[in-house]
Amino acid sequence: MKAIALAALAVVLLAAVVYPFFGTGYGVRSVLQIFMWIALAGSWNLISGLTGYVSFGHVAFFGAGAYTGAILVASLGWPWPLAALAGGLGAVVLAVLIGYPCLRLKGPYFAIAMLGLNEVLRALVSYFEGLTGGGNGLSLPTLDATRPIYYVMGALAVLVTGGAYLIVTSRFGLRLMTIREDELAAEAMGVDTFHHKLLAFVLSSIGPGIAGALTARDQGYIEPISVFPLAITVTMIVMALFGGKGTVWGPVLGAVVLFVVQEIVWARYPYVHPLLFGAIIVAVVLLMPRGMLGLLQVRYRLPRTI
Amino acid sequence: MITAGMIGQVVVSGILSGGLYAMVALGLALIFGVMRVINIAHGPLLMLGAYATFFLYDRLGMNPFLTVPLSMAALFVVGMLLQRSLIFRVVDAPELSSLLLTFGISIALVNLAQLAFTSDLRAVEYITGAWLVGGLALSKPRVIAFAFAAGVTALAFVFLQRTRLGKAIRATSQSREVAMVCGVDVARIHMITFGLASALAAAGGSLLAVIVAIQPEMGQVWTFKSFLVIVLGGAGNYPGALLGGMLLGLVEQLASLFLTTQLSEVVAYVLLVLVLLVRPTGLLGGRQT
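Sequences listed follow chains Z and L, in order.
Numbering (the numbering used here) for the first sequence: 1 to 306.
Numbering (the numbering used here) for the second sequence: 1001 to 1289.
Because the hints were derived from the structure by calculation, they are not lab data.
C-beta atoms are modelled at their ideal positions from N, C-alpha and C, and glycine is treated no differently.
Take the hints with a grain of salt, since some may be wrong.
[Said to hold, decoys possible] Distance windows between CB atoms, simulated:
| hint | chain 1 | residue 1 | chain 2 | residue 2 | range |
| --- | --- | --- | --- | --- | --- |
| 1 | Z | 136 | L | 1059 | 34 to 42 Å |
| 2 | L | 1094 | Z | 3 | 36 to 44 Å |
| 3 | Z | 295 | L | 1127 | 19 to 27 Å |
| 4 | L | 1094 | Z | 14 | 50 to 58 Å |
| 5 | L | 1128 | Z | 82 | 34 to 42 Å |
| 6 | L | 1270 | Z | 273 | 32 to 40 Å |
| 7 | Z | 264 | L | 1187 | 41 to 49 Å |
| 8 | L | 1115 | Z | 260 | 23 to 31 Å |
| 9 | L | 1281 | Z | 187 | 14 to 22 Å |
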């Protein structure tokens, strides 16, 4: 069973590696998007799925990474791979700044602080016009790098998912899940809950930061509404919830399934899209809190560490 | 150069907007106190209240200030239905469930409003201009809105303090088990509280409709600001919401003296982070209902 799963995984990865040599432009771009959503949903899952602290503003890291990367490329002429790493670092700095005051406390403080963060960053970007171009946006020098970005984004998706596997199967991950189940009990057993939450949060910010910087490079132009939309947060939450929060493969499953459905079916009904996502969140929370993977785990008796 | 007149203006404007903050935040505080649920959809409910006033004014030609009780009654019913159909299922669930559920409801409500009312900016131009009192400019719509907000808030407090139902709500908020033992129908109290809180949000929306432009996404920032008001006043401390509201109004107005209005959201945010760092139990301290 395990051997079959590993073989299937190897085949999928190999197919993803060779795909750009056969696929159409649209196909490659779509797979690139799927990689991005896997990285985003998987990152959200690290903090919210594992510790139970809901982040309503993960797009802030995406946007922060996008602006960090774009400014470094456009103003200082950095090569984009380096700028992408800097985007991840920018997101980490932001995560520490927000996580330090908000994660010391138990309860909904963190969730609400993340809810407001997005608006704040958008206002700051508009305010510091000299650096960010304000509402006019920021253009990057033209460069056709879709194929290398495809591979880097793919590597990011693999790293986030692999990282989630390492965390879920480690003592660190076990402690995070203890915090989710009962934070007081975790503290009583000697878990330093604050630093565990903070570390999980910081780790969860890296993926969106890098993905943001890569997206900025790929699109060549960013503006506040394109990199800070609430819709990105909503989409990553829906994907992680739908696939199964707190699992390794849930966000991957959710990202792939929902992205494909979105492209094929919902693209025809753009106006009701948010309504559907809101309804999915409500339905998943009430009817299948462990998501699709949770249902599969129960039916096929799969281990809980996948 | 900052003059005494400017300071006076800041204080007056701060108190005027603080009255609205206090009333809307009281709703969020009630739900949190009674059910331990932070209702992310509180702001979108406020937005629905604003639309109720807009349509009553625009289609039926009603005086917008007289639509306040109607919009409150409508949203009272909507709130009770929401609680009865969805929210009650997550009252005892982990926080993650109630936050995500109300977040999903909030997304759905905003999108429904976009579909039903379009994203066009709407305005209720009923009264404009300002009264000049001793060198201070008092915006007419804001003064009247403040008076209504103060009245509604006062009624809400009288209701909570004096009536049997209000006492049952406070009792449930202090200890659900003891309230149950004393014969309080807690499920019913939860439903009524949610309706009442939605009505308070609706009143905020109706009064805001006279002051600012209405659009489907106007509400979301109010969830955040209401929560900030609760944190400032101390969670579970209902009179604290009044102080918190005034304080937020004053700080925002004061900041507008030194910074562009663009940054007023940033100021509110920095205030939240500072309070969480220094005094997370709120300025008045913990629970005392």
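Hint check results:
Taking 34 to 42 Å as the suggested C-beta distance range, the pair residue 136 of chain Z and residue 1059 of chain L conforms, at roughly 40 Å. Look at residue 1094 of chain L against residue 3 of chain Z: about 37 Å separates their beta carbons, and that is inside 36 to 44 Å. Separation of residue 295 of chain Z from residue 1127 of chain L is about 57 Å and departs from the stated range, judged on CB atoms against 19 to 27 Å. For residue 1094 of chain L and residue 14 of chain Z, the Cβ-Cβ distance of about 40 Å falls outside the hinted range of 50 to 58 Å, so the restraint is violated.
The hint said 34 to 42 Å for the Cβ distance between residue 1128 of chain L and residue 82 of chain Z, and at roughly 55 Å that hint is violated. Range check, residue 1270 of chain L to residue 273 of chain Z: about 34 Å between beta-carbon atoms, so the 32 to 40 Å window is met. In this structure, residue 264 of chain Z and residue 1187 of chain L meet the distance hint of 41 to 49 Å, their C-beta atoms being roughly 43 Å apart. At roughly 25 Å, the beta carbons of residue 1115 of chain L and residue 260 of chain Z sit within the given window of 23 to 31 Å.
The hint said 14 to 22 Å for the Cβ distance between residue 1281 of chain L and residue 187 of chain Z, and at roughly 18 Å that hint holds.
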